[in-house]
Every structure is written in structure tokens, then in C-alpha cells.
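When you get a sec, could you build the whole thing from the sequences and use the hints?
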Amino acid sequence: MSNKSDSNPNLISAYEIKPTSMELETVRKKLAEAKGPKYWRTLEELSDEKAFGELLEREFPRQASEWVDPLSRRSFLKLAGASMALAGLAGCGKQPLEQILPYVRQPEQLIPGKPIFYATAMPFAGYAFPLLVETHEYRPTKVEGNPEHQASLGATDLFAQASVLGLYDPDRSTTLTHMGEARTWSDFLLAMSNERDGVIPALKARQGAGLRFLTGAVSSPTFGWQMKSLQKLFPQSKWHRWDPVHRDSARAGSKLALGAYYDSQYKFEAADVVVALDADFLSGSWNPGFVRYARDFMRRRKLAPGQPEMNRFYAAESSPTTTGAKADHRLMLRHSGMEKIARALAGKVGVFVPPPQLADGGNMDREIKYSLAQAYLTLAPEQQKWVDVAAADLMQHKAKGLVVPGEFQSPAVHALAHAINAALGNVGQTVTYIDPVEVDPVEHVQSLRELVDDMNAGKVETVIIIGGDPVYNAPVDLNFEAALKRTKLNIQLSNYQNDTTDYMHWHIPETHYLESWSDARAYDGTASIIQPMIMPLYDGRSAHELLAIFTEQNDTPQTGTSAYDLVQTYWRSQHPGDDFDKWWRHAVHDGYIKDSASPARQTAVKLGALPAMAVAYVVEAGGELVEVMFRPDPTIYDGSFSNNAWLQETPKPLTRTTWDNVVMMSPAMAARMKFNQLGDNNDHQSDAQNVIEIKLGDKTVEAPFWPQPGHPDNAVTLFLGYGQKKIGRVGTDEDKKSGRGYNAYSVRSSAAQYVAAGGGIRDLHKQYSLAVTQGHFQMEGREPVKVALTLEDFRKNEYFAHEHKEEEPQDKPHDPESLYPDYRDSEKFYQDYAWGMSIDLNSCIGCQACAVACQAENNISVVGKDQVQRGREMQWIRIDAYYEGDPANPSVYFQPVNCMQCENAPCEPVCPVGATTHSTEGLNDMVYNRCVGTRYCSNNRPYKVRRFNFLLYANKFDYYDEPSLKLGRNPDVTVRTRGVMEKCTYCIQRITSARIASEKEDRKIKDGEIKTACQQVCPTEAIAFGDINNKDSNVSKIKASPRTYKLLAELNTRPRTTYVAAVRNPNPQLPQLAAPEKP
Amino acid sequence: MDGPDKLPPKGIRPPIIGPGQTFGTVTDRIAGIVLTKHTPIFWFIVVAIAASIFGMLNTAVAYLFARGTGIWGINIPVGWGFAIVNFVWWIGIGHAGTLISAILLLFKQTWRTSINRFAEAMTIFAVMQAGLFPLIHTGRPWLAAYWLFPYPNSMGVWPQFRSPLIWDVFAVSTYFTVSFLFWAIGLIPDFASMRDSAKTLVVRRIYGMLAMGWRGSARHWNRYETAYMLLAGLATPLVLSVHSVVSFDFAVSVVPGWHTTFFPPYFVAGAIYSGFAMVLILAIPFRYLYGMQDFITLRHLQNCGKLMLATGMIVAYAYMLEMFIGWYSNDKYELAMVSNRLHGPYSHFYWMLVACNIVIPQVLWFNKVRSTPWMLFCVALVVNSGMWLERFVIVVMSLQRDYLPSSWGMYWFTKWDVMIFVGTMGFFTMLFFIFIRLMPAISIFEMRTLLPQAKVKE
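Going line by line, the protein sequences match chains A and B. Counted from 1, the first sequence has number 103 at position 83 by my numbering; the numbering is strictly sequential. Counted from 1, the second sequence has number 470 at position 413 by my numbering; the numbering is strictly sequential.
Don't read these hints as lab results, they were simulated from the structure. Take the hints with a grain of salt, since some may be wrong.
As the list claims (entries may be wrong) - A partial selection of chain A residues facing chain B, derived with a Cβ cut-off under 7 Å:
1. G891
2. P926
3. R955
4. L971
To be verified - To be clear about the criterion: a stretch of chain B counts as covered by chain A if any three or more of its residues have a C-beta under 8 Å from a C-beta of chain A, and this derived list gives those stretches:
5. 209-218
6. 343-352
All C-beta atoms, glycine included, are put in the ideal place defined by N, C-alpha and C.
Structure representation (C-alpha cells):
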């Protein structure tokens, strides 16, 4: 950094800082000229010399900056360490007097030990995700979905769950810096707005020419209002948008078909037939409304009593996702092929599809191009069949069908999907259009390109980057970092010091959403006030406060510039009435503003000429060339969660890899290219993979490949979000000393954001070790997942999950097959409550939210990549993935496995010290402080759900020992030390607190009063929990279903966790899914 | 090695004591190893190497206590690795000592006398090694060390008596106690002989104390014989019980490959098999280095070889039974266990085990092999490696792939695993050589009863 400051044009060098010769006359003159009171600190200030500003900024002369120079700091630490050691020699002095202060007056509402819940919302990819946050003594420890909000209904996704760890991340940016040196906020304010040579007055004089803002997608109304008033003040300034995972295609598609930007809103609850064109609405939060959609969709597949029908799901998919895994018919093809499927489908349902146009395909002959395009439009027989059947099904279910285009698909696919939905009368029934939730929506690539062009043209002087990391994730061909060097002043507000920070003059730490006031809109337009849970842990500022500097003097003189004032001022303008205070309190309390959802717009579809299919025929013609797809990482998204240890260690749903990203390709292609996987039996936790090189244009990236069943041939998928240069300790690869994994952005160009044609791949004959939590994806004839392959099968034999019909799912009261006395005979056992859980395999979408929620609730340690490689991951609930059938396009099944809480638990009798015991309510309890760690219970437990602290994971490495992380732990759950076995206890702390509450009121615990962390978070309500003694409880009813079965029932463990077997609903006219292989 | 090792003519078995020995020579030869001032140079070399390996053991255990069991290769699903493999292996090795001293005594197998003393020492030292592992393999050994014992406490918390690990605690500690008493009592008359032949005052005093006032009166002998027989009676069931209890650690569980009823006899046979192998591994160098061919004759070696052959056949039968029952049960998990043994990722361990424990020991059918010390020595080494592999196969291969394929995993040991395993071998060797130097490694008084002169009236 110190080098850079030398070359910074903004700073004058040290020799220029001279003591000002002051003349009394001038000073007096200045004082006389001044209007109003003018306060001055030193004569230098008064004299208003140019050098003074510099002096103030630096506060200390240049030598002082040595302290941030790493070498000097190190020598300082050495000295400090030596003196500490010597001080230690001096002997055992008295401990310094430290006062602790009890509450003299207890704050209102706060009862120590009792959590308080506040409503707020998490901004994610521009959209609000509504939350309820659990706080203990004002420390947020866990987030839940806001049950009253339509976008959540109580569930969340894994990003929201993990965001609480991000708050306490000790690697967050903690100090405001200027040229890498620590400064204060007032230093920054002074530099910006001092009257004489501040940045803002100068900009104001130029009407804001050269002032640019760069943010991600924003739906905050307050931010939008601030930006608007700012643009009034600085008419020449511009606001650019860049998110690496953006919705450009959806925007462009909506413009193509509907004439303007609209957000689609789907009503899956009304759809009998769903066709996804590469849509992964069941996979990730980058689909706005994901949580709600997953719930609506899966509610149509519960087959609960009185619900004999289920929806049918056709998915055409390129890169395999968990959405495709849930499809009744999955058609696999390359990304570029989706348009021909959409065209064919549109043609079948009676949409007029304009003929394809030809893009500029280099120097290819027009004739050849045309014939290639024609050839490409021809469907393969199985594709044709899929389209025919899906189209027929859609036609039969007019106004009850739905075609969903994928966020990453081309605008043409979006346009065609809109047209199909319109033609089938689905609009208004299963899909509605609303005005974009985002403030002032733009297409991000275009917006960023304009910014870069202006920067290169020298039109930009000041660029203010709010959030994001464009140096890392901007399209590589734009060369954002080179453009940044041409601007005069770069200011960044961001959570972390990231790759962009090195190019910034000012870096301001950003507050976490749990630390500051803001607002945002959910996918349906409902506005939420984001209220902070805690004072900023570090010296962070919110985006509102940063913008306020630019507008404060003129626009909102009276209201102050804190984020709270700004948000309140905006909403006061929206709700001008005497009852504002009441209204505001309601809005903040509820976590959303009532009736603020966007109304549906009436639109008409006009399908004009579709953009040319540039990508498609290049690959078709290219021989050895492959199509390269870019996708956000399933657990760390675009890289914004790279330093989140929970998410890094959460296995990716399909590959079960952790701590790294891989390049997916089809197993057949890997075999063809002889990219052999090392290792013989595929049981390895540490999977050494060959590293391949992916070449796109003149850029290359090296990455470990992963043969993924169900991946299309001649294509590879790269995952975004890894490979930063500068990242916190969690995201840093110990060997490389930079970000983990490979950087997919380094080959991602602006023209090919989600798919690129003509990539080359080759084997580098190197190995790279991945950390995999599951090595074996076949069921080996054991049927842990039971499934009825058709709805007919299920109707014919509802007891299909049982070999013999008499094997009732209900527990037989006195099963004699045990040597040990039956707890059920005992007077003491199972009298009051008997806790049980049911997991619906039909509903589980493998999203991993439960695993992260469990980690947050139960203080589960993170073990690190090397320990995962040794098979020591700690998550208490895991989601097993199984593949069946043809590896080219297999059936995929997910199975969440937590502790089964067996009534005949094999782990209990083998513990020599009785550390794992049976509770009177049927739980298999762990007494952590009694455990000596023989691991016998783990060996003797068929489900392998116990986790052992092989090392002191709770504060492994220096990172996890940081005090800030300890603030985030759940005080209701013990932190386990090394040598102790741990496991799921059905969130016994929640059971206990409900029991205490009920006993105080002298009543029984109500059904639904206790929700386990995994149950609460589940978007699809796959997990049910409750008292099975109560036959009216939700869980008892589900367990009474004929589909209920026990995992490994033949071992007579009598598990309390049972599964509801899956039922698929394929169309009889299409080939069916592969069944789990029978022994 | 030439003279005494020459085989007698066909049809005549080698004697159990060399020709030309008298009461005096027996005492002098055996006590001479101890009472001499001259310590052979090889003793220093061996003890120095063994002690440094013992130092490595200490280092590894200290690091283990400081960091946790995570320094080993164990994981979920393979919660037990080297530690338990080594525990079972060492316990097994101990068995031959008790069998020789107790069972062969009761069966009046007089040939046992020349090997029983150091076989008993071997038992004690092996159990010491074995006892180390269950303690250090726990996550929190400082608590395990006393929570596993039933002591009255104010919390009213007792160990869980249903757990085979608790049975282990009792079985192993009883075994150690009885073996130690048996060995110590057997030493008393010999300590008296040492006291009487000692040349310096200090040595005489020390052995005098150890001899506990033994004067060799008829009353002493009478009581001695009674006590010895009683202890032999006590120790005899232990030969069978200890390894049966150890096998319960596995047999009681639900893991395919562990959950089998024939484990107790299978384990006992295996234990005796490896124990006799260890006796040979110790006896053959010992008789060579100290010139004890007259006392530990070819007859002894032959008998050990025969016993190994017999127990080896039992073990081979057990292997076949394991496979057969796996197949016969037609249970998918048992079948998968069988196929994992034969073709799984660790199948080379299984086939090496078959080679070491079944195929190679068949050479013991040949008298030539049984009568050639170096060949026997090699076979014994092979058998002991095989027995270690057997425990590895049982422990690791069963855990590695059990019920849910999603949880299947691999186990690879670390350098710390190896250091501790090798360390116990160093510890064992060190103890054994110190024992040879300080105590009569062959029972003097019992050897004398074997002499023709001793047979007064028969």
C-alpha cells in the first residue's frame, strides 16, 4: 500500500508540506470576511493554506505511516512480545482492577437468558428477505424467516442462516482507510465536504460531472429516494449497477416480449403442470421468491389425506441443479440448446415464432451458418418427444400450467416463455407481472460497460463503489481494474477489504444489515424496514449515510444524516399523517409494510424478432470445442460469502464437495478425454481430482474437474465466487495464500455472462485434493430412499414403502425383539410426551438450509478443509444424495439424515460411562460433560450421525478463537470441547424452553409450539416435529401416512425420525425415471 | 547353534533338556545370565534402541494428550483405528504365556517349564502395552482413567455395565493381576537360589527381599505348590475369558462384520496362535544369544510349532465360517461385508491376511520347518503380522462400509498412529531385555525337576 500512496496523484508528497508562513494581516482579513461565527483550530487552518488540508488528513507527518507497513508492524510486535515476555519474568503481579457493571436498571423487555425476537429483513441480490432475528442480550444469534411475510412464511434459505456469522466475522473490514492508512470518519467527511478543497463542493461546481456511483441491484426505497435527490443536485452524475449474478436476461426478455421491464411472479400453488426451461427456482435465492416458490410448489406434491393429485414437473436443464433433481421428466441438454426447446414448445402451443436470425459467426460462410442453424433447430428424437408431451400436457391444463424460464437463459428463452404463458392463458392465473421491485432497473452488463467506457475516456473523476467487488468480478474483457487507474478519486464502501480495495483511495467499512437501518422490497414488492439488532461492531457506515454526505446540506437539513433519520424521513414522506409514529412502529414491529406489495400489471405479449443465436452453432461446428456455463456457487453465491465458514463447509448439494469449486462435466466426456479420477473405490473423503485447463478466448483458468452425472456432454460448468486475491482468513487457501478454488470470473466476458461458446479444455496432469463429505452416490441395493415411480404405483399400493403390507408404519406397542426391557412397558417412559420427527423425501429439495440452521442453532464447529478430507465434518444433519440409473441422466434423490432418536438405540448400551442416555420422552440424549470419547457409540450406530470433536474445533486455528465470534454463539447450547461426541438432540434447548413455558401456565405443550431449527428453516415443510403421543399432532398425522417408513427398520432400532417415501408423477407417455436398484 | 540343534535319529523326539546337565549346571547356567558382572554388548545395543523407541512412544503420547485423537487417522465412520487394532493384538499375544503356565501345568506338560517363565513375562509386558491403548484412545483420557472404574461418588453415577468396554476394563485388569501374581509367585524359589548364589552383598540383599524369606523347607514347598496350583486354576478360565470379552466389543455391536456369535472362540484361538508365535519370536533369539539350546531344545520349538499349526487351523476355519455365514445369511449387509472383504478398497489387506495366517503357516506340517529355528522364526513373524492384519481387517474394514452407502469412508493411518504402535514394540522389547538381565528367564527349580537325577522314585 505504501508504494501505491507514492504514486497517488491526489496526495502531495511530503516535501511539499511546509509550515505556512503566516501573515497576521491576511489572517485578520480572512476573519473579517467570514460570515457568521467561524471557529478555527490553528492558525494554519485559518490561513487556509493548501497544505493544511493535507496535514489534517494525515494528522501525522509521513513517518507515522510506517506503522502500517507490515515490516515495521512486525518489528513492533516483536518488541511488544519481548516486553511481554520480560514482564512475565517480572513475576506474578496483581491482576489489574477491572470493574464489571450489572444492570442497575434492567432495560425494558429484557430478561437475561430470554431471547427477544425482532423483525427485520436481509437484502440479498437486491431483494429483501424478511426475517425474525433472535437476540440474546441484544446479540443476534440466529435468524428465522418472518412467518407473517408472504415471501418467507417462516422459512429461510442457507444464506440468511449464515448471514449472522458474517456479522461477527473478525475479518470484516474494521477501519476506514485512506491509501491503506487508518483514518476516521471525520477525516473522510472533511476531505469530502470541506468548503475549500473538498471533493463535494468541487463536484457541485461541475454539476456532478465525473461523479459515478456503482452499486448492485437495489430495492431500497430510501436509497432510491436519496439517489434521486442526489441526481438533482449533481445532474451530470450517473448511477451504474453491477452484480455478477444479475438478471439481465430476464430484463431483456421482458422487454422483448412485454415491451418494458416487468418482474414475473409465479403462483405455483395454482399450477398443475410446470415446465422449467433451465429454471432453478428450487435451487437458490438468486431466484427472487425462491423460498416461497419452493413452498408453493411442494405443497402440490404432499399427497396429504384429501389431496390425491400432485403437480407434474418437466425440467429442461443444462447444468444440473437440485431443481432438475426434483423433476418428473428431466431433459438434459446444453445451455445453448434451450432456445430450440423453447421455440419448439412455443410452436406446439400455437405461438407464432419468428424465424431465427443469424449472428455474426466470424468468417463463416452465410450458407454454412444458415444450414448449421437449421440443423441446430432440429430436435433429437427424445427432445422432440419431451416437447410434444410437455406441450400436450400444457394444452390440457390451460391456465393451470406454467412455463418458467431460467434466470441464466437467453432473453429469447424468456420472451418465448412469456409468449407461451400468454398463449395458454396462464398470465393472471399462474403468472403475473409486476413493476420491477428494483429501483430504476437497468441491464447490469450494459451499465457497467458504460461506466468503464467513460472511465477509459477520461470522463470519470470520482467513482464511488458501494458494496461489491468489481475488480474481482467484473467481466474480464472490460478490464475494470485498468479503468480504475484512470480516475482521480476512488471511494469504496464495503464489508470486506477485497480485491477492489487495492485500487481505492478511500475504503469505508460497511455496516452489516444487522447493524444499521435501511429498507428493501421483497420479490413481491412488499417493503420491509430493516432494523438493526446491534450497534455497529466496527466503525462501519451504511450506504445511506455515505449518500447523505452528498445531499445533506441542501436536501434534508433538519433531519440529520443517520440512517435511521433517513429511512424514517423517507417513509414519513410516503405516509404523511398524524399517525405516522404508530404506523412506523407497526411497520418496524411486523417487519413489513402492510399492503405494499406491487399490484399485477396488465400486459400484452408481442413477440418481435428474437435476438440471434450466436452461441448455438459455434459449438455445434467446433469439433473439440465445448460450451462453458457460468453459475453462481450453490453455497457461497457470487463470492460475497467466501469468508463465511459455515457456508464454505456446507457441502454443495450435488457434488458434496466443500471449501472449493469444481468444474462440472459429464462422466462420459471425462472418460472420453481420459480425465481419470484417482482412487479406486470412490469412498474418499479426500478426493484427488485431475486439474484441467479451460480456455476461453485468450484467457485460461485451471480447475479441478468433477464428473457430474446428469451434466450435458460437450459442456462444462464453472462456478463463480472463488479465487479472490484478497480475502479473509476463512476464504484463504493456506497453500496459495490467496482465495480458495479457482476464479471463474477470470474467463467470464461481458458478451458471455452465463454461457460461452468455443471453450477448449485440456488435462494438465496435475492433481488437486478436494474435500468431499460423501464419496458414494449409489444406494447399493439398500433402498435408504424409497420411492414410488409413478402416481399410479402409489395409488395401487399405498404401502409400497413396506415389503409386507402388514408392516404398518405405526409402531407396534410391544415389539418383543429386544433383549433389553421395553421402555414402553416402563411407567416412567413416554408417558407425557414422545417426540418424533418425520421427513418428507418428496418435498426435500436438498437446499442445505437445514444444515446451516442447525449449525447456527447448536454452535456446531467448523473443522476446516483438511479435517473434512479426513472425514470429520461436524454438521449434525446431512443431506445424502443418491444417484440411480444411467449416469448420463440419472434420477437423483435427497435424504436428510439427522439423529434418529431410536427407541432401541444401539449407541446407548455401548457407552461405558453412560454419557448417552435415553430420556423419558424418547430422546437419545448426550451428556457432553460425561463423555470420555471412546467413539463406540459412533461405531455402533448404523446411521452415522454422531460427530466427534477429534480436535479442539470450537476454537481451532486463531480465526475461530476470535472473541467476536463468541458473541454469536447460542447461549442455550453448550460449546463442546475436544474428545466429546455430539449429535442432534431435536433441539432439546427449544423443547426445554417450551416445557418451562407450558409448566408455568400449567398446560401441555401445544402442537407446533416447538419447532426444531431444521424444521423451522425448511422452505418446503419437509420436516415435521412434535409429540407422537398426541394423535392429533401434525407429526402424528404425517407418520400415520402409509408412505411413512423407517430407515434401516430391519435393525429394530425403532427410530423416532421416520421418512415419508417419495412419489414421482411422470407422464406415462415418456420414459420413466430409474428406480433404486432392488437387491 | 550346531551341537544341540542336531536332530536325533528318525523316530526319536528331541529331549526336553540337553544331555549332561546336573543340578549345579542348571542353576549356574540360568542364574549366570543374571549374576554375571559382564553384560553382553548386544544387550546394550538392543536396550538402547528399544529405549529410544520407547522415548518416541512417550513423545507421541504426550503430543496426543496435548492435541487430541485428531492427530490419528480415525474419523467418522471409522471411529476405531490403530489403537484398538493394537490393543487386541497385544492382548492376544499375552495369551500364550497364560496358556503355557496355567493350562499346560494343569495338564502336566512338563516341557512347558523351560519356556513358562519368560512367556509369563511376555504376557505381563504385552498386557501392559495393550492396557495403554484403551486409555489413550479415548477423547478425554484424564477422565476415562477413572470414570470407567466403578467408584462410589457423591453424584451417584456409575459406569454403564451393559457396555462391553466396561467388561474389558474388568477382564483386562483381572487378567493382569492374576498373571502378575502367578509370575511373581513362581519366581520366589528362584529368587532364593539367586540370593544364595549372589556374590555381592547388595545383590544378595535385593534378591533376599524378593525371595521373601524362602528357605526351601518342605512346608514352604507344600504351600508353594498349593498356591501355584490354585493360581493356575484361576488363570485357566482367564485364558478363555479375556479374549472372549475383548471379542464382545465387536460381537455385541450391530456392525456387519462384527456382529457374529463365533467371535469368542475365534478370538481365543487367534490369540493363542499369535501368542505362540510371539513365544517363538522371543525364544529363538534368546536361546541363541545366551546359549540356552540345552534348556530350550528343539522339542520345545517343535511343540510350539505344532500348537501354532493347530490354532492356525482353527483360525482358518473361522475365516471360512465368516465368509460362509455371510453368504448363507443372504442378508444384504452381510453379503456386502463379504464382498468388501474380498474386493473392497482394503481387499489387499484381507488377502495378505489370508496369506500370512492360512497359507504360509502350512509349512509347519513339515518336521524340517518345525525343527529349524530360523524357519520357525520367520513363520512366527509372518503369523504375527497376519494376526495384526486380522484385527485391522475386522476393525477397519467393517466400520469403513456399514449400512448407509452415503456414510462410507476410508481410513488412513498417520505417522502418529505408527509411532505409537512401533513405540509399544520398543517398550515391550526394553522391558523384556531388562527382565532377562535382572531375573532368571527360565525357571531354575522347575528345570531341575526335569533332570533324570530328580526322578527319585519313578
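Hints, one by one, checked against the model:
1. G891: Holds - the Cβ of G891(A) comes within 7 Å of chain B, reaching about 3 Å at its closest.
2. P926: Nearest chain B Cβ about 5 Å off; hint holds.
3. R955: Holds - the Cβ of R955(A) comes within 7 Å of chain B, reaching about 3 Å at its closest.
4. L971: 4 Å, holds
5. 209-218: holds (count 4)
6. 343-352: With 0 residues closer than 8 Å to chain A, the segment 343-352 of chain B misses the three-residue bar; violated.
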